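J.: Construct all of the structure, not just a fragment, from the sequences and the given hints.
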Amino acid sequence: MKAILGFLRCLWRAEAFSPEAFLLRAAILASLYAVSCAAGLREYTTFLSGTSPNVNLSWQTASTLGLIHLLLYFSFILLVPILLITAGLIAAWNKYFSRYGKPQGRSDAA
Amino acid sequence: MKSNLKGWVKKASLALAAFALATALWLPCLHLFFREPVTEFYQEKGVSRKARQLAARHLQLWTDPALRQIELQKMRASNAEWDFMGRTFLVWSLVNMGLREPAMKAQYLPVIDQIIQETVKIEKQDGIYGFLMPYAKARPYQVSPARSMFLDGEIALMMGARRMLEEEPGYKQPMTERLNVMEQRMRSNPLMAMESYPDECWTYDHAVALVAFKVADRLDGTDHTALCQQWVAIAKEHLVDKKTGLLLSSYQINGAPLYGPEGSTIWMVAHCLQAVDEPFARDQYERARKELGRITLGFGYGLEWPASWQGPMDVDSGMVVPGLGASAGSSGMAFIAASSFHDWNFLQALVATLDMAAFPSRQSGRLKYCASNQVGDAALLYASVLGPLWEGIRKP
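These protein sequence lines are chains A and B, in that order.
Following the working numbering, the numbering of the first sequence begins with 1 at its first residue and continues without gaps.
Following the working numbering, the numbering of the second sequence begins with 111 at its first residue and continues without gaps.
For the record, the hints were derived by calculation from the structure and aren't laboratory data.
In this text the structure is predicted, and so the values were computed from the model without any measurement.
Some hints could be false.
[Unchecked claim] Result set (SDA-like, lysine to any residue): computed pairs, CA atoms no more than 20 Å apart in a straight line:
| hint | chain 1 | residue 1 | chain 2 | residue 2 |
| --- | --- | --- | --- | --- |
| 1 | B | LYS505 | B | PHE390 |
| 2 | A | LYS95 | B | LYS184 |
| 3 | B | LYS120 | A | LEU57 |
| 4 | B | LYS215 | B | SER158 |
T.: Below is the structure:
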C-alpha cells in the first residue's frame with residue numbers, strides 16, 4: 001500500500017513532459033473511462049443512431065451522457081495507448097542518453 | 111531564466127516528437143485488436159456466432175412484450191419507418207436462418223407470423239401513415255388512392271419470404287393483392303415509378319418490390335420476368351447518375367431526380383438486384399464500393415454521398431463522422447452488400463469498425479450494439495445470414 005501511494009505521489013509530482021506525467025494522464029483517462037462504464041453510460045451511445053436512449057430522459061441530457069462516454073472511450077482506445085507509448089519512448093531516450101550522452105528529458109529533474 | 115526556457119522547449123519538443131511517433135506506431139495497429147475472422151460474422155453454411163447472438167436478442171424482444179414496447183417506443187420517437195424496417199429485416203433474417211438450419215424453423219415461424227400479422231394490423235388501424243414519417247401527410251399522393259411502395263413491397267416480401275421457408279396459404283392472397291397493386295401502378299407510369307411518399311419514388315423500394323415479384327414467380331408460377339427486365343432497362347436509361355454510373359436514390363413520379371446515389375440506399379439496391387439481374391447488380395456494387403466504400407487504417411465504412419454529389423445528411427445517413435465522412439446509415443447497409451457480393455476484405459474491415467465503434471454489449475448469449483438501435487441490429491443480423499433466400503429465388 002505504501003509503495004503504491006509512493007508511486008502515485010511520484011506520478012503526481014512529475015514534471016509536465018516526463019514519462020511519469022504521461023503515465024499519470026493515461027491513468028486518469030483510464031480511470032474516468034472505467035467510471036463511465038460502471039455508471040452504464042455505454043447504453044446512452046445509442047444517440048449515435050438518432051434514437052432516444054431513454055424515453056424518460058430528455059434527448060439533450062441522454063445525448064450528453066452518451067457523448068461523454070464516447071469521448072472517454074475513444075480517449076481510452078486512442079489516447080491511453082499513445083500516452084503509454086510516449087512515456088516508454090521518453091524513458092528509453094532518457095536512459096539512452098544517461099548512459100551514452102548528455103541526458104535530455106530529465107536534466108532538470110536530477 | 112533563458113536556460114530554463116531553453117530546457118523547457120527542449121523537453122517539450124522531445125515529448126511532442128515522442129507523442130507523434132507513438133501516434134504513428136499505434137494508429138496502424140489499432141485495428142488488429144478488433145479484427146477477427148470474417149466467419150465470426152458471416153458463414154456460407156450454418157449460422158455464425160455473432161448472428162446467433164444478435165438473433166437471440168431479437169427473439170427475446172419479440173417474446174417479451176414489455177421489452178419490445180420499450181425498444182419500439184424509443185425508435186418510434188425518432189422515426190416510425192425504423193419500427194417497420196426493423197420488422198422486415200428481422201423476418202427476412204429469420205427466414206434465412208430457418209433455411210440454413212431447418213431444425214430451427216419451429217422456433218422461428220411463430221415469431222415471423224407474429225411480426226407479419228401485427229404489422230398488417232397496425233397498417234389496417236393507422237393506415238399507411240402509421241409507418242411513414244410525418245412529412246408524408248404534408249401533401250397528397252399524386253396517384254390515388256394513396257399507397258406506399260415502401261410498405262407494399264416490404265410487406266409482400268415478408269409474406270413471400272415466410273412462404274419460401276414454409277408455405278402458409280393464408281399469405282398468398284394478401285401478397286398477390288399487394289403485388290397486383292404495385293404491378294398496375296408501375297405499368298401505368300412511363301418510368302414504372304410508384305410513390306413511397308407523396309411524389310417521391312425510391313429506388314430502394316422498387317428493388318425490394320422486384321424481389322417480391324420474383325418470389326411470387328417461384329411460389330405461385332406467375333411470370334414477372336418481363337416486368338423486372340423492363341424496370342432494369344428503364345433504370346439504366348433514366349435513373350442512373352451520369353458521373354458515377356450509380357442509380358439515383360429517389361425521384362419524382364415524372365422522373366425528376368430528388369436524391370442522387372446515397373450509400374444508405376445503393377448498397378441494399380445492389381443486394382436486391384442480385385436476385386433480378388446479377389450482372390447489373392454486380393456493376394452497381396463495384397461502382398458503390400469504389401465511390402462509397404472506404405477502408406482506413408484497417409477500419410471499413412461507407413460514405414453517404416460520392417465526391418461528385420452534394421447531398422444532405424439526414425435521417426437516412428445517420429450520424430456522420432466529420433473528416434472521414436463515414437455515415438452510420440451507409441456503413442450499416444454496406445454490411446448487406448459486402449456479405450451479398452462476398453467481398454470478404456471489406457466485410458472484415460466493416461466488422462472491425464462495428465466492434466470498435468458500435469459498443470457491443472453481450473448478456474447471456476445475446477448481443478446488441480449500444481450505438482445502434484433495433485433496426486440497425488436487425489439489418490446487421492440480416493447481413494450475417496443472407497444468402498439462402500436469394501438462392502431459392504434464383505435457382506432454375
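J.: If a hint holds in the structure, say so; if it doesn't, say that too.
T.: Comparing the hints with the structure gives:
1. B:LYS505 - B:PHE390: Since the Cα atoms of B:LYS505 and B:PHE390 sit roughly 18 Å apart, the hinted pair holds (cutoff 20 Å).
2. A:LYS95 - B:LYS184: Measuring from Cα to Cα gives roughly 56 Å; hence the hint is violated.
3. B:LYS120 - A:LEU57: It is violated: about 50 Å lies between the C-alpha atoms, which goes past 20 Å.
4. B:LYS215 - B:SER158: holds, 17 Å
Hints 2 and 3 from the earlier list are contradicted by this structure; the remaining hints agree with it.
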